[in-house]
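Protein chains in written order, with this note's numbering: chain F, 1 to 84; chain B, 85 to 168; chain X, 169 to 330; chain S, 331 to 492.
Since the hints were made in silico from the structure, they are not lab data. One thing to keep in mind: the hints can contain errors.
Unchecked claim - Beta-carbon label-pair distances, calculated as ranges:
1. S:S334 x X:T170: 29 to 35 Å
2. S:C353 x F:L22: 47 to 53 Å
3. X:Q248 x B:A123: 30 to 36 Å
To be verified - Stretches of chain X that chain S covers, calculated by requiring three or more beta carbons in the stretch to come under 8 Å of a beta carbon on chain S:
4. 177-183
5. 191-203
6. 288-297
Yeah, the Cβ is synthetic: ideal placement off N, Cα and C, and Gly gets one too.
Here is what each chain is made of, one letter per residue.
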Amino acid sequence: MSTTVLFFAGLREAVGTSSFSLDLPPEVNTVGALREHLAAGSDRWSALTRTTNLRAAVNQLMVDMNAAVTDGDEVAFFPPVTGG
Amino acid sequence: MSTTVLFFAGLREAVGTSSFSLDLPPEVNTVGALREHLAAGSDRWSALTRTTNLRAAVNQLMVDMNAAVTDGDEVAFFPPVTGG
Amino acid sequence: MTISVQEGDFDVGREIADLSSGCREIGAVASFVGLVRNADATEKEINGLQSANHSAQITAMTLEHYPGMTENALANIVAQAKARWDLNNIRVIHRIGRLLPGERIVFVGVASAHRGDAFAACEFVMDYLKTQAPFWKKEETATGGRWVDARETDDTAAARWR
Amino acid sequence: MTISVQEGDFDVGREIADLSSGCREIGAVASFVGLVRNADATEKEINGLQSANHSAQITAMTLEHYPGMTENALANIVAQAKARWDLNNIRVIHRIGRLLPGERIVFVGVASAHRGDAFAACEFVMDYLKTQAPFWKKEETATGGRWVDARETDDTAAARWR
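Bound-form chain F, shown alone:
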């Protein structure tokens, strides 16, 4: 079961896509590890480590970078929210 990764707002524009799927390597088991994994893989994902105050959600709940990620999760990365 693959993991869906979503991007929003300025980060979506920086990485050039709104979503993609991947199979998590066994050592990638937190949101922070996923972020590092992606950023290390390609220049395209470097915005993930350049974005100040990067926020994340797992299965549509806001979490911090230490939160667990498992296969099948929906993981989202985005800048601080600015609604209202």
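With chain F held as given, fit chains B, X and S onto it using these hints.
Leaving out everything else, chains B, X and S in the frame of chain F:
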């Protein structure tokens, strides 16, 4: 120049009138003195001393019982306000 | 800034829209609508716990006021709010006369660039109106009429702003 | 309690009336309307002083959101408010898509027996929405588009409620 005295709400009902005029005796020069003067003069005005937390206004500004009263003023007595 | 003391009802949507119309610097409109409740208002705060006597259902309420002073008091409260917060517009409407449960009594709307100012000023105006503006409510129930007692919690609310 | 995330506008007067319709125990409806401002939002709080860069006039604003999570986050915020205060009804509407200066973005309305609860819950929902609900604003100016930065004052406002 006579002084107008107004009553509102439950106090108006208790004294049985909404307003009347009087010429202030020289020694009646505060709101509190006016209240005592009226209450002492007739049973009709005794509600002025029986009302808990009696409030007053002079020339349409809320004041305390020590506020000065002079001939020609508009003095109002009323219970605590309950609008809104 | 406009203040109205009137017998008739008001259009809440129009009032809120008017508060920001023509000014594109306004980002926030906070507002309050007070309604006639059907429950007896003899609630007292006892050590922070509310004990309500809901036995007497209110069938109507009559609002008396002090013409002239009312408008002055409301204008003074609005002026204090404008001095204290960065506001673009304020609207206060208070009804008088006989009202039924569910009917609107009061409207306070505040327009500002930012929501913090709008919320604070709106609540300030309501708290001061409750303790400073010369209105009095008389309730009608099946057993007769009675003047509403002032609530201690209203004094406490107003004291917060000092 | 109803939550809507929608492109279309809403009728503020109707929303406020609906919050208390049919319930005669409601004495207070506090509400908030957020509007698109024409001024650049790059305001920063520096030692409590606001220095605003008003050079860039905003011609439009586009609101992006995270479908699914948005509704969950708003429902969670509303549930927290209901657990915390004595409320009869809450309504939250947030628009998405492209909006012009002066247009409504957000509505929060809260109905309660007493105004203290209504005001507090309404401001709480707005403060949490600003920091917890996944919406993002992109402004259009004469010189191009830019994503709005989160405001530190919004974090401060939300932190008050902890």
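Quick rundown of the hints versus the structure:
1. S:S334 x X:T170: 29 to 35 Å: At 31 Å between Cβs, range holds.
2. S:C353 x F:L22: 47 to 53 Å: At 51 Å between Cβs, range holds.
3. X:Q248 x B:A123: 30 to 36 Å: Given about 34 Å between the Cβ atoms, the range holds.
4. 177-183: Our answer is that it holds, as 4 residues pass the Cβ test (under 8 Å) against chain S, meeting three.
5. 191-203: holds (count 12)
6. 288-297: n = 3 at 8 Å, threshold three: holds.
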